[in-house]
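Protein chains in written order, with numbering that gives the first Met the number 0: chain A, 0 to 208; chain B, 0 to 208.
Treat the hints with care, since some could be wrong.
Identical copies go unnamed one by one, so any copy, or any two together, can satisfy a pair.
Unchecked claim - Straight-line distance between alpha carbons at most 27 Å, and here's what the computed DSSO-like set of lysine-lysine pairs gives:
#1 154 - 208
#2 128 - 154
#3 153 - 104
#4 128 - 101
#5 154 - 101
#6 101 - 208
#7 128 - 153
#8 101 - 153
Rather than coming from a laboratory, the hints here were simulated on the basis of the structure.
Each chain, written out:
2 protein chains.
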Amino acid sequence: MAHILITSGPTRQYIDPVRYMTNGSSGRMGASLAAAAIAAGHDVTIISGPVQVDYPIEARVIPVITTEEMLAACELEFPSCDGLIGVAAPCDYRPERVEGHKIAKTGQPITLHLIETPDVVATIGAKKKPQQWVVGFALETEDARFRALVKLEKKNCDLIVLNGPEAMNAAENQVEILDRAGTSVALLSGPKEEVAAGIMQAIQTRLMK
Amino acid sequence: MAHILITSGPTRQYIDPVRYMTNGSSGRMGASLAAAAIAAGHDVTIISGPVQVDYPIEARVIPVITTEEMLAACELEFPSCDGLIGVAAPCDYRPERVEGHKIAKTGQPITLHLIETPDVVATIGAKKKPQQWVVGFALETEDARFRALVKLEKKNCDLIVLNGPEAMNAAENQVEILDRAGTSVALLSGPKEEVAAGIMQAIQTRLMK
Numbered sequence: 000m001a002h003i004l005i006t007s008g009p010t011r012q013y014i015d016p017v018r019y020m021t022n023g024s025s026g027r028m029g030a031s032l033a034a035a036a037i038a039a040g041h042d043v044t045i046i047s048g049p050v051q052v053d054y055p056i057e058a059r060v061i062p063v064i065t066t067e068e069m070l071a072a073c074e075l076e077f078p079s080c081d082g083l084i085g086v087a088a089p090c091d092y093r094p095e096r097v098e099g100h101k102i103a104k105t106g107q108p109i110t111l112h113l114i115e116t117p118d119v120v121a122t123i124g125a126k127k128k129p130q131q132w133v134v135g136f137a138l139e140t141e142d143a144r145f146r147a148l149v150k151l152e153k154k155n156c157d158l159i160v161l162n163g164p165e166a167m168n169a170a171e172n173q174v175e176i177l178d179r180a181g182t183s184v185a186l187l188s189g190p191k192e193e194v195a196a197g198i199m200q201a202i203q204t205r206l207m208k
Numbered sequence: 000m001a002h003i004l005i006t007s008g009p010t011r012q013y014i015d016p017v018r019y020m021t022n023g024s025s026g027r028m029g030a031s032l033a034a035a036a037i038a039a040g041h042d043v044t045i046i047s048g049p050v051q052v053d054y055p056i057e058a059r060v061i062p063v064i065t066t067e068e069m070l071a072a073c074e075l076e077f078p079s080c081d082g083l084i085g086v087a088a089p090c091d092y093r094p095e096r097v098e099g100h101k102i103a104k105t106g107q108p109i110t111l112h113l114i115e116t117p118d119v120v121a122t123i124g125a126k127k128k129p130q131q132w133v134v135g136f137a138l139e140t141e142d143a144r145f146r147a148l149v150k151l152e153k154k155n156c157d158l159i160v161l162n163g164p165e166a167m168n169a170a171e172n173q174v175e176i177l178d179r180a181g182t183s184v185a186l187l188s189g190p191k192e193e194v195a196a197g198i199m200q201a202i203q204t205r206l207m208k
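Whole structure, please, built from the sequences with the hints as guidance.
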């Protein structure tokens with residue numbers, strides 16, 4: 000019986016009061032992982048960006064909008080949790096400057112200077128205690144396996160789950176779970192519910208005592 | 000009995016295969032206007048960006064993603080319609096160049112060059128026949144009334160409906176309808192269903208023979 004923190008869904012980074020950057024993450028994989036964790040007898044807290052998905056009623060859900068808010072909520076919650084599953088797709092760039100008024104069209108191009116947002120999983124990974132674990136996700140379009148392993152190392156994850164952009168806002172998913180040695184722990188494909196159960200199984204076997 | 004074209008919801012402009020720019024338009028006002036038009040006995044075709052809202056089953060719905068797709072669908076449908084209600088919030092900037100691969104984080108800022116997308120309502124407004132009408136929406140945060148009237152003129156609308164950013168993804172709305180003379184035709188506030196019925200009433204009284 001563990002207390003598992005799950006980040007889920009996209010975040011938004013506003014350009015002005017109306018426009019923002021985001022991605023198509025639906026929160027379905029987060030909801031499926033929460034359901035799998037609850038079915039396995041664990042407590043679940045979800046920190047979620049704006050989504051339409053229904054999370055299990057047994058889970059405690061903390062809604063956030065931006066990546067900074069998601070990180071702040073994680074830093075507050077993680078110390079009382081056994082592990083983090085970072086399946087959210089936080090917006091990782093934000094405008095250097097957010098306009099206070101809606102940018103009016105002038106017919107001219109505009110230039111947006113973007114800076115990186117803090118990395119939620121890396122920040123938590125750097126702070127985790129020896130008995131805590133962190134599972135990251137990597138969505139890659141190029142050199143997928145290599146980049147996923149670099150992320151696992153950089154974010155101090157115990158396992159990383161690799162998937163492609165076709166997973167976003169889809170009912171099905173295909174993932175590969177990699178461990179710190181670079182070994183492929185599992186290849187899972189099918190409905191997100193089944194894939195989530197397989198990921199939970201790997202976490203229980205490898206990371207929970 | 001008229002055939003009314005309604006654009007609804009946001010559009011998305013992709014930066015790379017994962018990230019995009021958009022806004023919080025929910026499609027609720029479009030759905031409410033469609034319901035009001037159908038209740039008044041009209042045929043409705045909706046061209047909608049990605050939304051979660053349920054449109055009336057009596058409406059024909061054409062789903063689109065980008066502003067360019069929304070415009071292309073409008074250009075195809077408008078010639079057989081009596082009027083257009085442009086309540087969508089099309090993304091009005093797009094990256095000059097869309098990256099084919101997910102942009103990898105390097106720790107460094109990035110610069111995004113944005114150009115304006117074509118204006119859907121203005122393009123249709125410029126082509127409308129004498130017996131056709133166009134109703135635009137203006138979402139403004141500054142100099143609202145002045146900017147709305149400039150848009151009405153520039154987009155060749157017959158009426159323009161002015162609202163604020165607080166309308167986005169909300170159940171209620173507060174709007175002012177302005178005509179080509181700059182006269183305030185109606186001030187409406189309340190649940191979107193009621194505001195939509197009021198807007199439909201103004202369209203029927205002023206624009207339909």
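Quick rundown of the hints versus the structure:
1. 154 - 208: Only inside one copy: residue 154 and residue 208 sit 22 Å apart there, 66 Å across copies, limit 27 Å.
2. 128 - 154: For residue 128 and residue 154, only the intra-copy Cα distance (14 Å) is at most 27 Å; the inter-copy one is 60 Å.
3. 153 - 104: between (41 Å within a copy, 12 Å between copies)
4. 128 - 101: neither (44 Å within a copy, 32 Å between copies)
5. 154 - 101: For residue 154 and residue 101, the Cα distance is within 27 Å only across copies (19 Å; inside one copy 36 Å).
6. 101 - 208: neither (52 Å within a copy, 37 Å between copies)
7. 128 - 153: within (16 Å within a copy, 61 Å between copies)
8. 101 - 153: The answer is between: 18 Å across copies meets 27 Å, while 37 Å in one copy does not.
In summary, the numbered hints that this structure violates are 4 and 6.
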